[in-house]
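Following the hints, complete the assembly by docking chains C, W, G and U onto the known chain P.
Chains as they are written, first to last, in this note's numbering: chain P, 1 to 604; chain C, 1 to 481; chain W, 1 to 165; chain G, 1 to 106; chain U, 1 to 448.
Source of the hints: derived by calculation from the structure; they are not laboratory data. You can trust all of the hints, since none of them are fake.
Only pairs whose alpha carbons sit at most 27 Å apart, straight line, appear in this in silico DSS-like list of lysine-lysine:
(1) K94/G x K24/W
(2) K157/C x K342/U
(3) K540/P x K288/C
(4) K157/C x K547/P
(5) K168/P x K316/C
(6) K6/G x K127/W
(7) K85/P x K360/C
(8) K547/P x K288/C
(9) K90/W x K94/G
(10) K109/W x K6/G
(11) K94/G x K85/W
(12) K160/W x K94/G
(13) K316/C x K160/P
(14) K410/U x K157/C
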Amino acid sequence: MVGIIGAGSLLASFLLTVMCLNQVGASGPIQSTLYHFMSIDRLSLDFGFLVDQLSVWMMMIITGVGFLIHVYSIGYMHDDEGFYKFFAYLNLFVFSMLLLVMGDNFLMLFFGWEGVGLCSYLLIGFWYTNRDYGTAARKAFIMNRVGDLGLLLGMFFIIKTFGSLAYKDVFAQLAGADPAMVTVICLLLFVGAMGKSAQIPLYTWLPDAMAGPTPVSALIHAATMVTAGVYLVTRCNGLFSMSPDAMHVVAIVGLVTAVFTAIIGLRQNDIKKVLAYSTVSQLGLMFLSLGMGAYVSAMFHVTTHAFFKALLFLSAGSVIHGMGGEQDIRNMGGLRKYMPVTFWVFLIGTFAISGFPLLSGFFSKDEIFANTYAHGGAIWWAMASVSAVLTAVYMCRLLYVTFFGEFRGTEEQRHHIHESPSVMTIPLMVLAVLSVVGGLLNTPHFMHLPGSQWMAHWLAGNGVNGTPIVPMAEVHLSASTEWSLMSFTTALALLVIVALYFVYGKVANLPVSDQKQTGFTKVVANKFYVDELYNSLFVKPTEALSKFLYQYADIQGVDGVVNGVGTGVSKLGAIFRRLQNGNIEYYLIGMVVGAALLFLTIFI
Amino acid sequence: MSFLLIIVPLIASALLLLARPSGVRQIALAVGVVNFAISIFAAYSALYDGTVNHETNIAWIEQAGIRFSVGMDGIGILMILLTNLLTPLIILSSQSQRIDNEPRYYGLVLMMVAALNGVFLSTDGMLFYIFYELALIPIYFICAIWGGENRIRVTLKFFIYTFVGSLFMLVSLLYLYLKTPGTHSFAWTDLVNVQLSTVEAIWVMLGFFFAFAVKMPVFPFHTWQPDTYVTSPTGGTMLLSGIMLKMGVYGAIRWMIPMTPEAWHTLTPYFMALAVTGIVYASIIAVKQSDFKRLIAYSSIAHVGLIAAGVMAWNKMGLQGSLIQMLNHGINVVGLFFVVDLIERRLGTRTLRQMGGIAKVAPRFAVLFMIIMLGAVAVPLTNGFPGEFLLLNGVWQYNNWLGAIAGLTIIFGAVYMLRAYGMAMFGETNAETAEFTDLDGRETAVLGIVAALVLVLGFFPNIILQLTDGTVNRILGSVQF
Amino acid sequence: MTLAIFTVLAVISVITALLVVFSKNPVHSVLYLIVTFFIIAAQYILLNAQFLAVVHLIVYAGAIMVLFLFVLMLLNLNQDTEPQKSSAWKLSAAVASGLLFITLIGALKGSSVAIAASPNPEVGLVKNLGNVLFNDFVVPFEIAGILFLAAMVGAVLVGKKDMAV
Amino acid sequence: MLEIIKTVPIEYYLLYSTVLFCIGVFGVLTRRNAIIVLMCVELMLNAVNLLLAAFSTYLGDAQGQIMVFFIMVVAAAEAAVGLGILVMIYRNTKSTDISLLDRLRN
Amino acid sequence: MFAGLFGKRDLLLPVTLLGLAAALGVSAMSLSTGDAGWGTQYTSMFSFDKYAQSFTAITLTSVLLLAGMSSWGFRTLNSSLGDHYALILFSLCGAVCMFSFTNLVMLFIGIEILSIPLYVLAGSRRDDLASNEAALKYFLMGAFATGILLFGMTLVYGSTGTFNTAAIGAAVERGVASPGMLKMGILLLVVGLSFKVSAVPFHFWAPDVYQGSPNTVTAFMATAVKTAGFAAFYRLFSTSFLGVNEFWSVGIAAIAGLTMTLSNFTAIFQTEFKRMMAYSSISHAGYLMMAILVAGQPGSAGAILLYMLTYSIATICAFSAYIVVAEPNGDGSFAAFNGLSKKQPLVALVMALSMLSLAGIPPLAGFFGKYFLFSTVMQQYPWLVVIAVINSAVSVYYYLKVIIAMYFTKEENTYEVLIPSSIRWVMVAGVVIITLLTVLPGNIFGLI
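Only chain P is shown next, with the shape it has when bound in the complex (with noise of 0.2 Å):
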């Protein structure tokens, strides 16, 4: 019932959102105002809705994986106690993400913001027994908060230029605002971004938030939530285009995220924890793409990305699920065998995810590296390729470790591996669907094929002033360097799935278990220890502070000096007590000293 209430209402949105999808394509954006929610003299800061191209892109991600997550919930999650809990918070996710996007000024924005950030927070923290999760949640929220700060502090300085937060208002000034302060905001904005997007160096929470109920991964940690760093963007690429600087900052932190991460990925041995570096690295390039100013590409690889990263992280669950909650690669092998589906839709997004031909990552990524060679040059496009060529080794790296080779679990867990329930494996088979054509939506036009650059025209829509929405990348490359390019990025791809598969597939050449790793391997394998040094930079001495703050300089050194106070107090009655020590020849001869000295002041 509650299941049916949490995926009926997204079903609904869903339907809706396609009929604004019509309406707008038809008769252009839809604004509304709800009501005034804060007026500070002409500052009004208003509930308002603007659903253009762009936040209706994005709806139609939220709602439509959102409901295939939502029914692919309603079997994974039947009998976890906090099941109506589960959903009560799904849907509240979903709905502040809406916020996040048909919000019609930034800080609608920020509800959005961080409304996401608090359902991840409740819903890391799902089965919040468990103290880790709960930690781990923590984290998020925290490292979340820190890019809001930044994000808020965006905010201030929009309201400073430009006298207010409505989109309109905003795009609308863009001509006359001065350069620095445009590059402060988009520096400050983009903060908020790294939080939301875990970018280096806020990532470090993704991977721990995989502690969550893996439709939360799927749905939040994936195709969601953390796009929304992407959406926030391109929503204002209008003032990153302003400032060549930020674009130049966002670009080098999503390249090297890309590679960075994608590293980590290659020796990690939890199939979640996997998916997670995965998804850092795709948000990395996403932002290369961005600082390329291909926001299209960009939003683009959000959209492929959403349904295969969601079709990873579900077939995943569905793995997880039929193990009884084994998430350890190296305890499983061969599940081909007894989890048919799933297989076939991994492996699917597997190749999705790598690039192999036509299926849509290979549409996105491409579009990626094109305008990467076209406006940062060929090493940038290396570093680019790079990554991909990581991604591709550390998936099917996955993909065969987990599906071929000898079941190596306990015979206990071979007896309960099954097959998912079709509630789950459907959504399952839509999002494979969907990985499979998605890239259809935005192919590239020097390959001729119906549709050519569809989203792209889509998106480019009818902004403020007639000035596109999103504008489209210029990329001026010669088909035969584009087709070069993708033939090289597409070969490499091909080489490392036949390769891989003799690497992992063929030979049980498993991964050796923690302690045995050496070298640069378990540098890799620990995460570059980057945990631990924030650990240690951050979170220790926050907390030794704190504790130093309260002993030290609180209780004894400014509660000290109040106690101090009244201590030299009663030390001054002390003294002064001893005048009055009951003999009256003292009293007597105090009282002649001080009439005399009182006499005194006649000679003054």
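Leaving out everything else, chains C, W, G and U in the frame of chain P:
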């Protein structure tokens, strides 16, 4: 009507203290509700263009220029609403447990309410001061009679500290009074017109500041506060943190800066620095607190530091933010202290480490607590957010870097509140917490009202902002630097 | 001549006054004090305040000092029993009173009074004093009665034995 | 015009009575016997009386001498009460040593 | 009125009360009609003006309450009860002289009439060594101070040629031939009067004497006597020495500052209630000294009047509560008050009100006393007001000690506390007066 707000609880208090009738609880609650109704009606029938409504102005001590003049403008109405909204909640929350000598307890609570209403309604400087001090007596008795360990030492420190603070305000007020032209007068309108030299203004402002800084409290005058909050009975803590500390903020808005604008430029940087230091300082301390109540106490210091910084910034954003945040902080902190009280009553401990897993056995409690906690963390669409947004913006307008540092509060706020919530509610139950019973009706009512307010005011902050808009404009306009 | 008499009397009285302070035997002190009072009486006469001198002799030498002597004898304190204070104490007392003396003298040095143009030599005589006393000062005079009454009641109260107890 | 006014400056009287007064003060400070202390007080009063009489004569004004009478009155009353108190104490403690009185102290 | 006091010297309580009430009625009536009173023909000696009338009225009020209290306070006295009342009334008579004098001779006589009975009263518990010691200390130091005072009067007389205060004032305005003499005279008077009001460093007698004296007498000393001292101090300095106030204000300011600081700081350490009250009384003297500084300023006399009244009433209330707690149990420490709020809420309430009022915590009457005083002084001596304010804060500490014992301390003692009806009436009357003063302090202030 203003007069009623003071006199009704005062008479009821005298009745309870001296006559000790039966049905004390009902009387106290009824008085609280009646007062709330009066204040709602007053708010309803008031004008919000910055003028003073419902004035009563009668001669009192002519020889000293003191008049019994009360009235409410927008800010006053907000404070009155805060006070009289929280009063029934506080009374109701106290009623879910047995208290020794109830007539005395509720009598003192009502006396406190009368004094607080007086503070917020006074338009005469000396009357303000008198109520300001009068409020101290009942709360001191409440905390010292029904307090926990060390209550005598702690409350004595509290009393003397705050008393010393307000004495300096008295000196400042006197100084201003003697500067009023002609027959001296304590009327706000007369005092505010006094022209001071910068040096004089600095001293006068320091006098005010010391009083209000101790009351709020602002770092480094805060050390009485955690101990007092911890040791006080929950009703007392609620009164202290929910309403009484607002007296300091209110005083700064209404009295300190309008009286001494000449010193604002000179002193505000220091005050700001203190307030912002306090935010970070208290937040960091709160991070590792093991005593839940003390943690909230420190969080309160951090929050109030932000409110104070918003006031000092003296711009529209900051002031509006501080006003709305006063209301919302009051609501949240009352909720939080009630939560602590509920836990302590059931488990007999406030130590976070000894809790855990309560969410499992008391889901209703967990949800309400979560909502209130989110309000305290200032998640958007809870009541904590609008205030914090405006405050941070106000401070940021004053100085970008200070604004950014103050902004750390949203990070640290999340850190310590989530930690507390996690330690208390999450994890496996232990022997004690397994026995934790979920809320009964009265407790649900209190927490439910608080949680509802958290959400309603989170969605519709403009209701509150409109109350004070006109008055803030007028005050900002009337104070020339 | 008058100056000489004044000086001689003054020096003697200062010496006897010092002896009052320094004698070990209380009785001697009393006797020295009586001598001092006599000299002061002589000074009164020198000042043409004969009535005052007489009253002074009667009240002080005749009444008060006898009372002192009587109490001394009554309490049997007429030996050198009084323990002496330490010399350090005496020194500090001397410093204190010396300081007082110096400040007093410093302030009073060079003072003069507005000497009446034609001073009435009769001022110290009984008739004149009586006039002033019973005209201008009759109220204090009456009230002095209360004072005595109070002193009497008081002396009786402290002096008598408690009968009831 | 009296002989004395012409020959002895008032300053001399001031000096004279100040000396006597301070001797009295010194006596009060140094003696331990309460009776002697009381006597020293009487000495102080007499110094004052002398000065008053001198002023009275020099100013040609009788008030000063009237004041002296009142001072005598008071001195007598004080002496009576004071000695009464002394006797009372002596009855209880068998001593008139003021140094021994330190029962009342902080 | 004096006759009224004479006649009742050896009668018992009811007559005393009646007489006092009648005297109060008369003085209140003359206050309200503005009648200058009797003795107009003796204006060179005393003048029963508004100032004197209002001070007489408040002192009579205090003594009336004290008399009510004494019926129980003196209950152990059998034979000499009449003597006690007589002495108190004599003393009161001296106080009236001190309120109304226009001549230094009257002042002197008044002071002596006030003091001599007190010497005796202090020692009126003849078998009690403490009482004896108190009497002797008070007497010796009092006599010594009298000598100093007289020396001062003499010098003033010598420099101005008169004892009449108004004439002195005129002479001082004109300027005198030898200012050194006048100044020394004034300072000697300051010393003498400071002794009477127990200002530092002439306060040493006060704690010991207050402690040693019988409770009722202590209350009398702390209230009526102090009122008289200040009234006289103020009257003398405002009529006679205003011409040279720059000169003596330095010394007075120093004395005021020293007095409040030293006494408040010392009071912190006291464990005996009575001794604490002694230091409290000294500290109030310190505040009141500030009023002398601004003698002649409008409002300063009213400030003293109101302050003295609030202070006196609160002190009497406190002593009446103290008596019922301490006397039957023979324990005067703060610990004797432990748990009093449970045993005798009325006594505890009266004591708490008195303490808070003495501490000057708004809105109690004591606050208004302080307020008027401080606001009068503020204009000329803001720094002194700041010192006073800090001291008030310190004083809160020891006043609260009693409240803490009564209300907050959990340890119980076994003392039984009963309230005799007379004391109950005193308490109720005291509370009523405190309340009235809280609501309408301006009326008292405006009397003068």
